[in-house]
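Sequences listed follow chains A and B, in order. Using this note's numbering, the final residue of the first sequence is 663, and nothing's skipped along the way. Using this note's numbering, the final residue of the second sequence is 197, and nothing's skipped along the way.
By construction, these hints were calculated from the structure, which means they are not laboratory data. Incorrect hints may have been included.
Where chain A lies over chain B, by a calculated footprint (3+ residues, C-beta under 8 Å) [what the hints assert, rightly or not]:
(1) 133-139
(2) 175-187
Below 27 Å or equal to it, Euclidean Cα-Cα: the simulated DSS-like pairs (lysine-lysine) are [claimed, not checked]:
(3) Lys639(A) with Lys533(A)
(4) Lys590(A) with Lys165(B)
(5) Lys69(B) with Lys533(A)
Chain B is nowhere near these chain A residues, computed Cβ spacing over 12 Å in every case [unchecked claim]:
(6) Ala552
(7) Gly559
(8) Thr579
(9) Asp583
(10) Lys585
(11) Gly588
(12) Glu603
(13) Ser613
(14) Gly618
(15) Ile644
Please read all numbers here as calculations on a predicted model, not as lab measurements. We treat Cβ as the ideally placed atom computed from N, Cα and C, and that holds for glycine.
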Amino acid sequence: MSDDVKKFLYLNRKAPYGTIYALEALEVVLIGAAFDQDVSLAFLDDGVFQLTRGQDTKEIGVKNFSPTFRALGDYEVTRLYVERESLEERGLSPDDLQEIMYEDEDDDWAEKPSIRIVSRAEMADIIAAQDVVLSF
Amino acid sequence: MKFGVVVSEGPYTHQAADTAYHFVVAALAAGHEVPRVFFYHDGVNVGTRLSVPPQDERNIQEQWSALAREHGIDLVICIAAAQRRGMLDEKEAERQGKDADNIAEGFRISGLGQLIEMGIQTDRLVMFGD
Numbered sequence: 528m529s530d531d532v533k534k535f536l537y538l539n540r541k542a543p544y545g546t547i548y549a550l551e552a553l554e555v556v557l558i559g560a561a562f563d564q565d566v567s568l569a570f571l572d573d574g575v576f577q578l579t580r581g582q583d584t585k586e587i588g589v590k591n592f593s594p595t596f597r598a599l600g601d602y603e604v605t606r607l608y609v610e611r612e613s614l615e616e617r618g619l620s621p622d623d624l625q626e627i628m629y630e631d632e633d634d635d636w637a638e639k640p641s642i643r644i645v646s647r648a649e650m651a652d653i654i655a656a657q658d659v660v661l662s663f
Numbered sequence: 068m069k070f071g072v073v074v075s076e077g078p079y080t081h082q083a084a085d086t087a088y089h090f091v092v093a094a095l096a097a098g099h100e101v102p103r104v105f106f107y108h109d110g111v112n113v114g115t116r117l118s119v120p121p122q123d124e125r126n127i128q129e130q131w132s133a134l135a136r137e138h139g140i141d142l143v144i145c146i147a148a149a150q151r152r153g154m155l156d157e158k159e160a161e162r163q164g165k166d167a168d169n170i171a172e173g174f175r176i177s178g179l180g181q182l183i184e185m186g187i188q189t190d191r192l193v194m195f196g197d
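Using the sequences plus the hints, can you model the full thing?
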C-alpha cells in the first residue's frame with residue numbers, strides 16, 4: 528500500500544439527466560475532495576452535456592445540479608477536461624458550456640478557467656497518465 | 068497485487084455484479100488480494116437479503132456473502148446510494164423511523180470515503196458497470 532498522493536480521474540460519459548450516473552459521480556467528487564489527492568474530471572461522449580449553460584429541469588421534476596460544478600474550485604478541483612470531438616459530434620461549441628473559474632493560489636489567486644478543451648488524442652494521454660480512473 | 072473492485076450496476080438486470088464476482092474469485096485464486104468491494108449506483112441492491120431468485124438460477128447476493136465469509140472481503144454499500152434505493156441496515160432503519168432493514172450477511176453500509184480510500188490503498192481499481 529502506498530499513502531502517496533494519487534492521480535484520480537473522474538470520467539463522465541453520460542448526459543446529466545435521464546439516468547443518475549452524472550449526479551452520483553459528482554457526489555463522489557465532492558466527498559473525494561477531502562482526501563487531498565490529485566483530482567481531475569473528464570467529460571466525453573454525452574457527458575459534455577453536463578457542463579452546458581442554462582440548464583432548466585423544472586419540467587422534469589429533478590434537481591438541476593449543474594451550478595455545483597462552479598463550486599468545484601472551492602474544493603481545489605480545478606481541471607475539467609472536455610473532449611473537443613465529443614462537443615463537435617453533438618453540435619456544441621465551448622461557448623455552449625457554462626463558465627467555471629478557480630483561483631490559482633500559485634499565481635496570486637488569479638481567476639482562471641477550469642474547463643480545458645482537449646482533443647481525443649490528448650484525452651487518451653490524460654487517461655493513460657492516471658493512477659485511478661472512476662468511470663461514470 | 069492488491070485490487071479494489073467497484074460494482075456499479077444492479078443484480079440480474081446487468082451482468083456487472085456477476086462479472087465482478089468472477090473477477091474476484093479468479094484474482095484470489097491467482098494469489099492476489101481483494102480487501103474490499105464497493106457497491107455504488109444500483110449496485111447497492113446486490114446487498115439485499117430479501118431477493119428470492121428462482122432455485123435454478125444463481126443467487127448473486129448469496130455468492131457475494133459466501134465469498135466475504137471465506138476470504139474476509141469487506142463488502143461496502145454506499146450509504147447515499149443505498150438510502151435512495153431502500154437499502155437500510157438495522158441502525159439506519161431505526162434512525163430513519165423505518166419498519167424494516169434488509170442488509171445481507173457480509174455487507175455493511177458506509178460512506179463514499181471508503182471508495183476513495185480503496186483507490187488510494189490498492190494497486191489497481193477495477194470498475195464493473197454497464
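Verification of the hints:
{"no.": "1", "hint": "133-139", "in the structure": "violated (count 0)"}
{"no.": "2", "hint": "175-187", "in the structure": "holds (count 8)"}
{"no.": "3", "hint": "Lys639(A) with Lys533(A)", "in the structure": "holds, 24 Å"}
{"no.": "4", "hint": "Lys590(A) with Lys165(B)", "in the structure": "holds, 25 Å"}
{"no.": "5", "hint": "Lys69(B) with Lys533(A)", "in the structure": "holds, 15 Å"}
{"no.": "6", "hint": "Ala552", "in the structure": "violated, 9 Å"}
{"no.": "7", "hint": "Gly559", "in the structure": "violated, 5 Å"}
{"no.": "8", "hint": "Thr579", "in the structure": "holds, 23 Å"}
{"no.": "9", "hint": "Asp583", "in the structure": "holds, 23 Å"}
{"no.": "10", "hint": "Lys585", "in the structure": "holds, 21 Å"}
{"no.": "11", "hint": "Gly588", "in the structure": "holds, 15 Å"}
{"no.": "12", "hint": "Glu603", "in the structure": "holds, 14 Å"}
{"no.": "13", "hint": "Ser613", "in the structure": "holds, 18 Å"}
{"no.": "14", "hint": "Gly618", "in the structure": "holds, 25 Å"}
{"no.": "15", "hint": "Ile644", "in the structure": "holds, 26 Å"}
Hints 1, 6, 7 from the earlier list are contradicted by this structure; the remaining hints agree with it.
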